[in-house]
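S.K.: Here the protein sequences line up with chains P and Y, keeping their order.
Under the working numbering, the residues of the first sequence are numbered 3 to 449, in order.
Under the working numbering, the residues of the second sequence are numbered 5 to 253, in order.
Hints in this document: simulated from the structure, not taken from any laboratory.
Please note that the accuracy of each hint is not assured.
Said to hold, decoys possible - Just the calculated beta-carbon pair ranges, DEER-fashion:
no.: 1; chain 1: P; residue 1: PHE375; chain 2: Y; residue 2: ASP181; range: 51 to 61 Å
no.: 2; chain 1: Y; residue 1: SER231; chain 2: P; residue 2: LYS363; range: 29 to 39 Å
no.: 3; chain 1: P; residue 1: LYS363; chain 2: Y; residue 2: LEU65; range: 56 to 66 Å
no.: 4; chain 1: P; residue 1: LYS91; chain 2: Y; residue 2: SER14; range: 31 to 41 Å
no.: 5; chain 1: P; residue 1: LYS91; chain 2: Y; residue 2: LYS78; range: 48 to 58 Å
no.: 6; chain 1: P; residue 1: PHE331; chain 2: Y; residue 2: ILE15; range: 44 to 54 Å
no.: 7; chain 1: Y; residue 1: ASN10; chain 2: P; residue 2: PHE331; range: 38 to 48 Å
no.: 8; chain 1: Y; residue 1: SER178; chain 2: P; residue 2: LYS91; range: 26 to 36 Å
no.: 9; chain 1: Y; residue 1: PRO95; chain 2: P; residue 2: ILE98; range: 54 to 64 Å
no.: 10; chain 1: Y; residue 1: ARG144; chain 2: P; residue 2: GLN47; range: 17 to 27 Å
no.: 11; chain 1: P; residue 1: ASP391; chain 2: Y; residue 2: SER194; range: 55 to 65 Å
Unchecked claim - Here are the simulated BS3-like pairs of lysine-lysine, each with C-alpha atoms no more than 30 Å apart in a straight line:
no.: 12; chain 1: P; residue 1: LYS432; chain 2: Y; residue 2: LYS139
no.: 13; chain 1: Y; residue 1: LYS114; chain 2: P; residue 2: LYS406
no.: 14; chain 1: P; residue 1: LYS432; chain 2: Y; residue 2: LYS169
no.: 15; chain 1: Y; residue 1: LYS249; chain 2: P; residue 2: LYS409
no.: 16; chain 1: Y; residue 1: LYS27; chain 2: P; residue 2: LYS409
no.: 17; chain 1: P; residue 1: LYS348; chain 2: P; residue 2: LYS64
no.: 18; chain 1: Y; residue 1: LYS249; chain 2: Y; residue 2: LYS112
no.: 19; chain 1: Y; residue 1: LYS169; chain 2: P; residue 2: LYS409
no.: 20; chain 1: Y; residue 1: LYS169; chain 2: P; residue 2: LYS406
no.: 21; chain 1: Y; residue 1: LYS139; chain 2: P; residue 2: LYS409
no.: 22; chain 1: P; residue 1: LYS440; chain 2: Y; residue 2: LYS18
no.: 23; chain 1: P; residue 1: LYS432; chain 2: P; residue 2: LYS58
no.: 24; chain 1: Y; residue 1: LYS78; chain 2: P; residue 2: LYS406
no.: 25; chain 1: Y; residue 1: LYS126; chain 2: P; residue 2: LYS406
no.: 26; chain 1: Y; residue 1: LYS78; chain 2: Y; residue 2: LYS18
no.: 27; chain 1: Y; residue 1: LYS112; chain 2: P; residue 2: LYS432
no.: 28; chain 1: Y; residue 1: LYS78; chain 2: P; residue 2: LYS409
As the list claims (entries may be wrong) - Far from chain Y, by Cβ distances over 10 Å, these chain P residues were calculated:
no.: 29; residue: GLN24
no.: 30; residue: PRO50
no.: 31; residue: ALA77
no.: 32; residue: LEU215
no.: 33; residue: HIS218
no.: 34; residue: ASP345
no.: 35; residue: GLU392
no.: 36; residue: TYR397
no.: 37; residue: LEU414
no.: 38; residue: PHE416
no.: 39; residue: ASN418
All residues carry an ideal CB built from backbone N, CA and C; glycine is no exception.
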Amino acid sequence: MDQKRARMKDRLSAFYWLNETQFAQASSELITSQRRTAIEKFESQGFPTVREEEWKYTSLKKLTAPEYNFPSPFAPLEQDEQIDFNDIKQFLVNDIDCYRVVFINGRYSSWLSETTHTNYDICTLGSAWKKYPDVVESYFNKLTKDDGPLVQLNTGLAWEGLYVNIPKKTVVDKPIQVLYFSTGDTPVFNQTRSLIILSEGSSAEIIERHHSLTNHETWTNAVDELHVGSNAKIHWVKLQHDASNASLTQHSKIHQEKNSTAIVHTISTGGKFIRNNLDFSLIGRGAEARMFGLSLGSDRQLVDHHTRVDHIAPNCSSHESYKGIYDDFSRGVFNGKIYVHVDAQKTQAYQQNNNLILSEKAAVDTKPQLEIFADDVKCSHGCTIGQLDEDALFYLRARGIRIKEAKALLMLAFANDAIADIQHPSLRVKLSQLIGRKLGVDMSNSL
Amino acid sequence: MLEIVNLHASIDNKVILNGINLKINLGEVHAIMGPNGSGKSTLSNVIAGHDGYDIISGDILFDGESVLDFSPEKRAHLGLFLSFQYPVEIPGITVSNFIRTALNEIRKAKGEEPLGASPMLKMMREKMGVLEMDKGFLSRSLNEGFSGGEKKRNEIFQMAMLEPKMAILDETDSGLDIDALRIVANGVNSLRSNRNTFIIITHYQRLLDYIVPDFVHVLFNGKIVKSGDKELAIELEKRGYDWIKKEQE
Chain P
3 MDQKRARMKD RLSAFYWLNE TQFAQASSEL ITSQRRTAIE KFESQGFPTV REEEWKYTSL
63 KKLTAPEYNF PSPFAPLEQD EQIDFNDIKQ FLVNDIDCYR VVFINGRYSS WLSETTHTNY
123 DICTLGSAWK KYPDVVESYF NKLTKDDGPL VQLNTGLAWE GLYVNIPKKT VVDKPIQVLY
183 FSTGDTPVFN QTRSLIILSE GSSAEIIERH HSLTNHETWT NAVDELHVGS NAKIHWVKLQ
243 HDASNASLTQ HSKIHQEKNS TAIVHTISTG GKFIRNNLDF SLIGRGAEAR MFGLSLGSDR
303 QLVDHHTRVD HIAPNCSSHE SYKGIYDDFS RGVFNGKIYV HVDAQKTQAY QQNNNLILSE
363 KAAVDTKPQL EIFADDVKCS HGCTIGQLDE DALFYLRARG IRIKEAKALL MLAFANDAIA
423 DIQHPSLRVK LSQLIGRKLG VDMSNSL
Chain Y
5 MLEIVNLHAS IDNKVILNGI NLKINLGEVH AIMGPNGSGK STLSNVIAGH DGYDIISGDI
65 LFDGESVLDF SPEKRAHLGL FLSFQYPVEI PGITVSNFIR TALNEIRKAK GEEPLGASPM
125 LKMMREKMGV LEMDKGFLSR SLNEGFSGGE KKRNEIFQMA MLEPKMAILD ETDSGLDIDA
185 LRIVANGVNS LRSNRNTFII ITHYQRLLDY IVPDFVHVLF NGKIVKSGDK ELAIELEKRG
245 YDWIKKEQE
């Protein structure tokens with residue numbers, strides 16, 4: 003029995019029961035009962051352990067060890083939690099005009115944000131509980147009821163996060179930038195929750211970032227629910243370039259109706275411990291899911307991707323390409339599940355996971371998992387784990403490119419198609435520069 | 005300019021080069037011919053600095069300086085260029101990005117300013133014109149899906165861009181049809197001057213009809229066993245290599 007883990011579980015449970023009145027006062031009865039059910043599930047299940055198949059390669063032992071502070075969503079920001087624009091400027095995508103929604107330790111920061119209610123709602127879930135109870139009741143926790151304990155914990159405790167509701171046939175005119183900051187003089191454990199609803203024929207683009215501003219250990223446990231209506235389109239870029247003491251567990255659930263498109267880029271270049279669960283349910287005919295991942299691990303970083311695509315309706319397609327480069331003592335995990343349900347004829351599913359290992363101490367576990375119950379489908383998958391190609395390296399060096407640049411160039415070439423589909427050229431350049439910096443090559447001349 | 009002195013080299017404990025001696029002056033074109041397995045590609049890889057070979061003894065001098073301890077990139081910075089027999093396919097790096105990076109790395113090593121995008125592009129267009137290459141080439145992934153001829157043309161294009169002092173063409177003629185051969189040869193001839201030198205490695209005399217060498221050497225069992233002028237190539241074409249092998253036995 004891991005005592006620290008048990009203690010953390012007890013503290014979280016106590017935190018919920020101490021605050022339940024406040025949760026209840028600020029939202030409807032239905033939501034409150036869902037919170038209670040969720041926290042009870044968490045209490046009975048506890049944190050997942052490596053004995054469970056889903057967590058076989060990734061232990062939460064170290065993550066549950068620190069004595070975290072759990073900031074109350076109802077308390078004002080303390081002195082040590084105050085941040086101003088200068089602290090966060092460097093984390094913004096400045097050269098793109100964006101809506102901006104900023105959270106600090108799970109609380110909304112109105113003075114750092116630029117939201118809108120003009121043609122659509124781009125604001126915070128914390129305000130939506132009271133303001134849009136009907137919408138929240140119809141969509142909140144619809145996709146997450148049966149998920150594991152970390153999701154249940156989030157359902158019980160999360161209060162704030164991005165809220166987006168776009169009416170029919172409406173195109174959001176500029177990207178939505180959402181930033182979640184962790185800060186303070188103690189280790190901190192934050193829950194963030196987003197609810198994104200795109201009605202029929204609408205479209206939106208989201209750029210998301212979690213970042214720690216403190217030297218203490220931080221852990222953010224995030225859950226997202228995205229409802230993508232028929233013919234709607236969402237493009238979501240997750241930039242996981244956090245500080246070296248910051249950990250993230252994130253469960254994102256995407257529900258797609260007919261002919262909808264969802265594109266998700268997960269760029270994991272920083273942080274200490276990252277666990278991504280990204281699940282798509284293709285419930286309407288002709289829905290398309292595209293996901294791209296790029297993980298660059300160094301030091302003792304861990305990047306774990308668990309993806310799942312449920313092909314429920316016929317004629318849907320999913321395209322999945324994850325790339326990883328692991329150096330030093332870093333570790334990568336990829337588990338890609340594709341379920342083709344019995345009615346999902348004419349499914350097209352493609353999955354690829356390619357990894358480069360740069361050091362003897364780095365490791366990757368990759369596991370494709372396809373279960374196909376329909377007979378007229380096209381599915382393919384592949385995974386590779388290898389080193390940099392020596393012949394290619396010699397070729398570059400023989401042309402005068404120094405070994406460090408040559409290696410970086412080869413890695414960038416390997417990584418490039420993970421960001422090729424990102425729409426905004428300036429965001430793509432920024433990402434590519436970020437990747438270049440991580441790989442130790444100056445990209446300023448090459449794009 | 006290049007001097008190879010009694011060079012012995014091996015790979016996996018197998019001796020491939022068995023005492024090579026060769027001296028090349030500026031302005032000269034040397035052809036190295038020889039049957040399969042005679043050590044031709046090993047020689048070019050060793051000169052270019054491939055670290056898969058062990059140098060047992062001997063030396064390679066470039067402008068009087070030993071380059072044996074130099075990395076491949078440092079040799080390239082000194083003006084050495086190897087046109088690969090099998091150019092590597094690298095998806096994700098465009099031809100233009102590759103050449104721009106290479107050229108600017110060489111300029112940097114020489115203490116020169118990097119060449120800007122616009123003069124670079126102008127220079128690329130010019131050189132591509134000589135080699136009758138389509139400008140769509142520049143934005144393609146390096147050698148990916150190129151035909152054999154396109155790969156070799158791309159090598160010569162790189163050579164034209166990097167303007168090396170000494171270029172080794174390792175079986176540049178293999179995989180080329182007669183038209184491509186002529187175009188490539190024209191490209192090489194247009195670069196010939198008294199400020200550079202070429203080593204042309206080939207099985208066949210055909211390329212030497214277009215690029216006329218000053219000297220022809222025959223490599224056999226890791227040694228230069230015969231040297232002469234272009235007439236030697238013609239004789240080899242007629243008689244094959246058997247008489248050389250016999251002479252050696």
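S.K.: Taking C-beta pairs only, is ALA77(P) more than 10 Å away from all of chain Y?
M.R.: Since the minimum Cβ distance to chain Y is about 49 Å, ALA77(P) lies beyond 10 Å and the statement holds.
S.K.: Quick one, are LYS114(Y) and LYS406(P) close enough, alpha carbons at most 30 Å?
M.R.: 18 Å, holds
S.K.: For LYS363(P) and LEU65(Y), compare the CB-CB distance with the range 56 to 66 Å and indicate the outcome.
M.R.: At roughly 41 Å between Cβ atoms, LEU65(Y) and LYS363(P) fall outside 56 to 66 Å, so the hint is violated.
S.K.: Is it true that ASP391(P) and SER194(Y) lie within 55 to 65 Å of each other by Cβ?
M.R.: 33 Å, violated
S.K.: Cβ-Cβ distance between LYS91(P) and LYS78(Y): within 48 to 58 Å?
M.R.: 42 Å, violated
S.K.: Does LYS64(P) sit within 30 Å of LYS348(P), going by the straight-line distance between their CA atoms?
M.R.: 44 Å, violated
S.K.: Do the alpha carbons of LYS249(Y) and LYS112(Y) lie within 30 Å of each other, as the hint requires?
M.R.: 47 Å, violated
S.K.: State, for the Cβ atoms of ASN10(Y) and PHE331(P), whether the hinted interval 38 to 48 Å holds or is violated.
M.R.: 47 Å, holds
S.K.: Tell me if the beta carbons of PRO95(Y) and ILE98(P) are separated by a distance inside 54 to 64 Å.
M.R.: The hinted range 54 to 64 Å is violated for PRO95(Y) and ILE98(P), with Cβ atoms some 29 Å apart.
S.K.: Checking one constraint from the list: CA of LYS78(Y) to CA of LYS18(Y), max 30 Å. Satisfied?
M.R.: Judged against 30 Å, a Cα distance of about 27 Å means the pair holds.
S.K.: Checking one constraint from the list: CA of LYS440(P) to CA of LYS18(Y), max 30 Å. Satisfied?
M.R.: 41 Å, violated
S.K.: Is the straight-line distance between the alpha-carbon of LYS112(Y) and that of LYS432(P) 30 Å or less?
M.R.: 25 Å, holds
Hint check: violations occur at hints 2, 3, 4, 5, 6, 8, 9, 10, 11, 14, 15, 16, 17, 18, 22, 23, 35, 36, 37, 38 and 39; the rest are consistent with the structure.
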